[in-house]
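If you want the building blocks of each chain, they are given just below.
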Amino acid sequence: MLEIEGLTKQFGGLSAVTALDLTIRAGDIVGLIGPNGAGKTTVFNLITGFLRPTGGRVTFEGRVITGKGPHDIAARGLVRTFQVINICPELTVLENIVLSCHLRPRVGFFETVLGTPSGRRKDKAILDRSHAILEFVGLQNMVGLTAGRLAHGHKRILGIAVALAADPKLLMLDEPLSGMNAQEVNETMALIRRLREKGLTVLLIEHNMRATMILCQRIAVLNFGRKIAEGSPEEIKGNNEVIQAYLGTDGYAA
Amino acid sequence: MNNKISFRLLGYGALVLVLFLVPAFGFGPYALHLFITMAMNVILASSLRFIFLTGQMSLAHGAMMTIGAYTAALLVLRFSFSSWLALLFAGIPGAILALIAGFPFSRLKGMYFAMVTIFLAQMVTLIGAQWRGLTGGAVGIFNIPGPDPIEIPGILKVDFSSKVDFYYLVLVITLISLLILRAIERSRVGLTLRGIQQSNSMAESIGIDTTSYKVLAFAIGCFFPGLTGGFYCQYVSAIAPDTFAFLFTIYVLVYMVVGGAGKFMGPVLGASILTILPEIARPLREFVPFLFAGILMLVIFFFPDGMVGLWRRLRVMAIGLMGKRVSHA
Amino acid sequence: MSGSALAQSIINGLASGGIYILVALGLTLVLSIMGIVQMSHGEIYMFGAYGVYFLFASLGLNFVLAMIISTLVVGGFGIVLERFCFRPFRAEPDRAMIIAIGLILVLQNIALVVAGGTPRSYVSPFAGILHFGGVSLSLERLTIVIIGSGLLVALYLFIRMTKTGQAMLSISQDREGAALQGIDINRISAIAMFLGCGLAAIAGSLVGGLFGITPTMGGFALMKGIAVIILGGLGSIPGAVVGGLIIGLIDGVMPVLTTAHIAGATGFGVIILILLFRPQGIWGHE
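Residue numbers (our numbering), protein chains in the order written: chain A, 1285 to 1538; chain B, -15 to 313; chain C, 54 to 339.
Please note that a few of the clues may not be correct.
Cut-off 27 Å, straight-line C-alpha distance, at most; resulting in silico cross-link-like pairs (DSSO-like, lysine-lysine) [to be verified]:
hint	chain 1	residue 1	chain 2	residue 2
1	A	K1408	B	K247
2	A	K1453	A	K1482
3	A	K1408	A	K1482
4	B	K93	A	K1352
5	B	K247	A	K1439
6	A	K1352	A	K1408
7	A	K1453	A	K1408
8	A	K1408	A	K1439
9	A	K1453	A	K1439
Not close to chain A: a few residues of chain B, all C-beta gaps over 12 Å, as computed [stated by the list, open to error]:
hint	residue
10	I(-11)
11	L83
12	G138
13	S196
14	Y197
15	G304
Read the hints as simulated data drawn from the structure, not as lab findings. Even for Gly, the Cβ is constructed at its ideal location relative to N, Cα and C.
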């Protein structure tokens, strides 16, 4: 589904990401891990168009998307969340989702401004879909709350819901579990599994090793911008280079 | 909830009724001129706020008004358009300019956007002064005819010979403009614009073309000063390239900020009150601009939400006080 | 077209360029170090001009002394502005910009009330014509070029050789990083404002002898300053210098080579091209 070949990003003399090759099959949950500063978020930015690669090629569902703008790529079904939570803080939870439901159905300018019958029909459809999504992620009781006032864990889930509403085929989650307590982590892990059951493909950056090992079918490991290992969770657990990379920095235990 | 809505509607309806009855109170031509100016300022401040919804501060509003005035004047004088068509089309060249300039401009951050719009405005003034063939040069155009008379046999005969006619015309234009701006703001488009202002990244990541939306907001926002300019040139019969220079735009900005850029009614309030203020403050003579600047500073430093914010705070305080009374009773 | 006329127009262009550079430098210093567009920069320039008028033409002080005093006072005023108007809003540049816009009204009206609206002027001691190898040059404009160049060199040395100057350079390139390095942003901002306003004041005082001084003369300076910054690059100091020279020369030389219309159009055309294809300016980094 997603093919990354030789992806490279240089900043002046520094190479943040070097010659990354990665293939993601439809229906998988793939993990992208590595010590802090390994370049994982940079890879996300490169794939989704927030940063321009200096080399390499990214193909999504057979079409080349390298160098395209972020909204272009997102509209094709590749939606990401952010390490720093990016939601609209002054809109309500519901409004955030309603905003995100703009791709299906597409509401025309005059339909929405003039409030035509077709416009109102679409608005109702969007409202229903938004409520459904909020129920799916478990935020249905916070519909009217201002998004900026939510607790951190709920904000993260809202971020995932927003991405979901944009009708993704491949969902890229940047540290979705960060800052969550144990219960929230379990709930979110269950949510991610439900996403896969719905047919979504997931690419995920995480520092929580336990969760990553349980959720992912395949894991790729980055260090200093290069892929140093790729394989099933078992293979990665036992990989010496991976262990070295982590022990060399923070030493996250599996 | 339904009660609140119909209460509001009733309130606005009553207000509109009063506005239509104003001339019946026997105001002289000077007072009417003041009201007409107030209406124009309301449109200007409200459309400036519309552009500001996406975080873009446009300082080219005066220039857009100038373009609109010249457009209407030339359409009538050179191309024999009816004054009504000219009025309708007056806002279009400015909007198109905003559309074109918007694409490179909208990539810039808030302050830089403001800077380049200043430059754009200056360019318009200078072209207006230089291109004598088109614009009559620095002197401008005068003897612009007023609006074509409206005649509905038996019901209405308006020949625009008195200020009252202009008052009603501008009132209708203002109400329609406000309705349009309000409708857009409450629609999905408005939601999208607000979302873009709050989190550009989120919008991009879900497939929203933020640049195009910002340009759209800029273009729509620049249509209305053009429309107002079209009215102005028919009202005053003359237009010069520097009538609506930078200082004019600054005043519009002050109306918006003091009224409160956060709510729709903010600029309406700010423009209305600040247009009348110089009249009330007449005794201060040359210190009137200080009063203005002082109010602006006061608002920015202490009441950044403007008058509407202040109103809200007072209401909240009043409700709080009443609540305390009730609980003590 | 005679060599004399060409030489004159080049000096005119360089002098205009010098003024534009001084104004733009002040604007860009404040922009890159404090992060705000100081919209009332033109009014500071205007105060510099009035200051010299008051000290030199009314009080009869020596011209150079008048310039120095005026510059120092206006620079000091800038420090006051920084402390009370801009520092509280360091985190909200849009709001600071609106304050600066409000200052336009305040400062213009102070000048209007104190000095009145009729244009003032004086005859600068540098006025006169210099005859040089068959070419007649305006001495005053030549002086502007010399003083302007001198100031540029001084500024360059200041930034390169002093610790404060280096600190200013770091802040202009990366504000948060600089703060983490322990640079006192308050102090440096005050100095930036002092320098920025001082440069504008000097520009104003140099111009006072050439054109009339009015409370609204600042608008012209702001427009030119903005044009130079757009051309040369947002936040770039060398950009301000090159941009100022280009625009100054276009304004000075082109009307002699072609008509005034084409000259004006060229000036705009250049900036429009920049805006369309590289809106951050030639050297800009935003």
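Looking back at the hints listed earlier, which ones does the structure fail to meet? 6, 13, 14
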